[in-house]
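**Student:** Full structure from sequences and hints, please.
Top line first, the protein sequences correspond to chains A and B. With our numbering applied, the first sequence corresponds to residues 1 to 454, in that order. With our numbering applied, the second sequence corresponds to residues 1 to 445, in that order.
What the hints contain is simulated information worked out from the structure, not anything from laboratory work. Don't take every hint at face value.
Which chain B residues face chain A? A few, computed with CB under 10 Å, are given here [to be verified]:
id	residue
1	79
2	83
3	237
4	373
5	377
A few chain B positions that, by computed beta-carbon distances, are all more than 10 Å from chain A [said to hold, decoys possible]:
id	residue
6	19
7	54
8	57
9	141
10	193
11	232
12	241
13	346
14	424
To be clear about the criterion: a stretch of chain B counts as covered by chain A if any three or more of its residues have a C-beta under 8 Å from a C-beta of chain A, and this derived list gives those stretches [what the hints assert, rightly or not]:
id	stretch
15	200 to 210
16	293 to 307
Just so it is clear, CB atoms sit at the ideal spot from N, CA and C, and this is done for glycine as well.
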Amino acid sequence: MPSSDPYGDLVRSPLGRRLTGALGLPRPAQLRRLEAGTPEFAGDVLVLGEGPGAEQARALVSAVGARPVGDAPAEGGLTGVVACFDAVTHPGELSATALALGGALRSLGASAHVVTVVRDPEQAEDAAEQAARAGVIGLTRSLAHEMRRGGTANALLLRDGAALSDAGPAGALAFLLSPRSAFVSGQPLPVGPGTPAPSSPEGESEAPLAGRVAVVTGAARGIGAAILRTLARDGATVIGVDLPAAGEDLMRLVNELGGTALALDITAPDAGRRLLEHARARHGRLDVVVHNAGITKDRMLANMDAARWDAVLAVNTASQLAINEVLLAEDARDTVARDLRIVGLASISGIAGNRGQTNYAASKAGVMGLTAATAPVLAARGGGITAVAPGFIETEMTARIPLLTRELGRRLSSLQQGGRPEDVAEAVAFLASPGASGVNGTTLRVCGQAMMGA
Amino acid sequence: MSTEPRTPATDRPALAGGALRPAVVVGSNRIPFARAHTAYREVTNQEMLTAAIDGLVARFGLQGERLGQVTAGAVLKHPRDFNLTRECVMGSALSSETPAADVQVACATGMEAIGTLADKIRLGRIDSAIGGGVDSISDSPVSYTDGARRVLFDLNAAKTLKDRVRAVSRLRPGHLVPQPAGAGEPRTGMSMGEHQALTTHEWGITRQAQDELAAASHQRLAAAYDAGVMDDLVTPFRGLTRDNNLRPDSSVEKLAKLKPAFGRHLGDEATMTAGNSTPLTDGASAVLLSSEGWAAERGLPVLAEVVDVENAAVDFVDGRDGLLMAPVYAVPRLLDRHGLTLQDLDFVEIHEAFAGTVLATLAAWEDESFCRERLGLSGALGSVDRAKLNVHGSSLAAGHPFAATGGRVVGLLSQTLHQAGEGSLGLVSVCAAGGQGIVALLRGR
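**Tutor:** Shown next as structure tokens:
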């Protein structure tokens, strides 16, 4: 595929590097992403902080196959840092670990991942404690802006008395330290204790979705196709859903991955029932639902008509509500797993708003709303519902945005580049996996810390 | 070696002493049909049939599956495609260990494929199969004249320069005129349309009745697409999502404006136009057949049972019958075998080669003396309720890629019967060149 980011290509050339350096222009780094055949975790991960979190972090870093170290090596090359603030009760206690973290930054290798660990400020006992915990989020967001060479910084917020070593936080930490989260930066991720995944003799990390059946709507092209591929890579049996008119692309993808194709208009009144029947008859179960299908019909609100408004709300939001209702109903229990995981696609437009997108922003903010509201239902059955809010992602759709607007969309983020469909897919695959059992009701941004709505 | 039978007789296939078992239709897939030299101008038969099979594979999750057999064919087939179906299987997502065969019974090719595969399943020789067909006018072979071929063969055999010069010197300009494959009957030199024009005239079928049938075909197929009836029957191909011959706004008034295209020698009594005749079309279809057990093991649906198939042929050269009238004979024989009448059928699919073909067929069954004298019945076979006839449109709207029509109709009718409910009965009738026809009885599941 020819690159649609000529500036990014220029910056990575020797001449371009000198030119952009001399002019003080943005210099986006090549992000390290998960590739087949290369280990997900390698190298040294610095663990900072006192208290139970640090001890548990060292064990978790070892468990995923990296090497925990206590001091930044002089020769550099750190692949990650876990900075544990989980015991802070007063803002005055932040400085030691924060400054140690600062001292280690020059030792980071390319595409390094910094994770701060802190208890969720919303669940603090008193003002001083909440100030300290909230402070860590502020520190992390600022650090994300300061990261160089494609590095990221995110905050893992322990909720509901969770220990870092519990299944939920352990899974989230692994994701945030992994190249799978290459385009996630500046984000706080609240995580509860979660539930340990049933042990698998084949090794969980290799195929976290082995034996599970996952459906993805809007799967024929773009981000949906990347999600279908990633879920299949992670071991899931996939059901690709798209409009009948997208059948040719869907057919090729499904035949390549193995699985089944279902031609379905998700706004049809019987869409949920047909989806359930397909899963029941063909696969006998359903463990993961990814509501990816979405449309834009942009107009300034002054020029908006009912057709454009209603179509966007119907596809992007109402279809998710209607399908969830069918899948969560009592009579679907023979097929739908107790620990069902639902992932909806939101957008940073739904967080920050975007000129010309009142309908789209309403629909995507709606997805975040329904995700939060449905979380208790899923929690009661041991599952989860989450959303992913992509920022600027390089797709066929964004390639059609006028050049200047496109350049702004790309560069106005800490990573100074657009993400790839695979970046969104990796976040969805994590949230769909048993490793995300501690994450529920949350919307995770995959935006390279876009300035929009930050 | 033990002589003890390892399998009790009741569990054995019919071939080995067990009972016959039903052959069922699991589902079907086709690509949208395209008028010749339009959307699929650059596409080969092999690409189209592979796409039809791959759509079926994706719909039912059959990637890497070894099926019992795939049988299909093309009427206009290039000699290089001698192993067309096998090549399509090897290029598809099916296991390459799936055997394949080509068949050819003109416009009834798909019906022959489906009928013989159903019999193999019933006998227990195979458990699963795909039957279908493909045709392309756009990819049809063009051959040299016999004279040119003779020269080329002699040139190839020539050993000396003198022999070569002698061979080439026999070449005449007329030899180089290409010979496109045609739809003409070799024994009469007449096109299919001209043959049908005679039959249409003989049965007194009016222009009005033909145009009404054509308009209804377009309107019904358009409504079927709009209602999602085609969602599980068609997979888009090369940017085409619906049959491009389909004219949803077709009406009797618009069709009445067309000039006759066939039977012009009949003067004012010529009634067949481009509007009430099917156009030359490119397309492919595939139907997944299996035993009930094979479908159940995979959680696949069962839409209908292929109850029986009947082939017939008429002597249109020296005899009294029209070229496309063989189904008129086949249907009463098929129904009689099962103790059924036309009135027992819930749906009737008569392939619309021409509107006149369908109407002449219906007229013949309503004609008491014809049914007595020619079909050997005690009276008229009876009328077909128009509300049961081609309920979602037929070839006048969809088009007719010769070998692909049988799969299109069997797939559509199976879904229709499944929705109508268990035990509903449907008839398929497909006429073919050479005075042939194949009809089938399907029962809904």
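**Student:** Now look at each hint and say whether the structure bears it out.
**Tutor:** The hints, checked one at a time:
no., hint, result
1, 79, "29 Å, violated"
2, 83, "22 Å, violated"
3, 237, "6 Å, holds"
4, 373, "49 Å, violated"
5, 377, "44 Å, violated"
6, 19, "27 Å, holds"
7, 54, "6 Å, violated"
8, 57, "6 Å, violated"
9, 141, "27 Å, holds"
10, 193, "33 Å, holds"
11, 232, "6 Å, violated"
12, 241, "4 Å, violated"
13, 346, "24 Å, holds"
14, 424, "20 Å, holds"
15, 200 to 210, "violated (count 0)"
16, 293 to 307, "holds (count 4)"
Consistency note: the structure conflicts with the earlier hints numbered 1, 2, 4, 5, 7, 8, 11, 12, 15.
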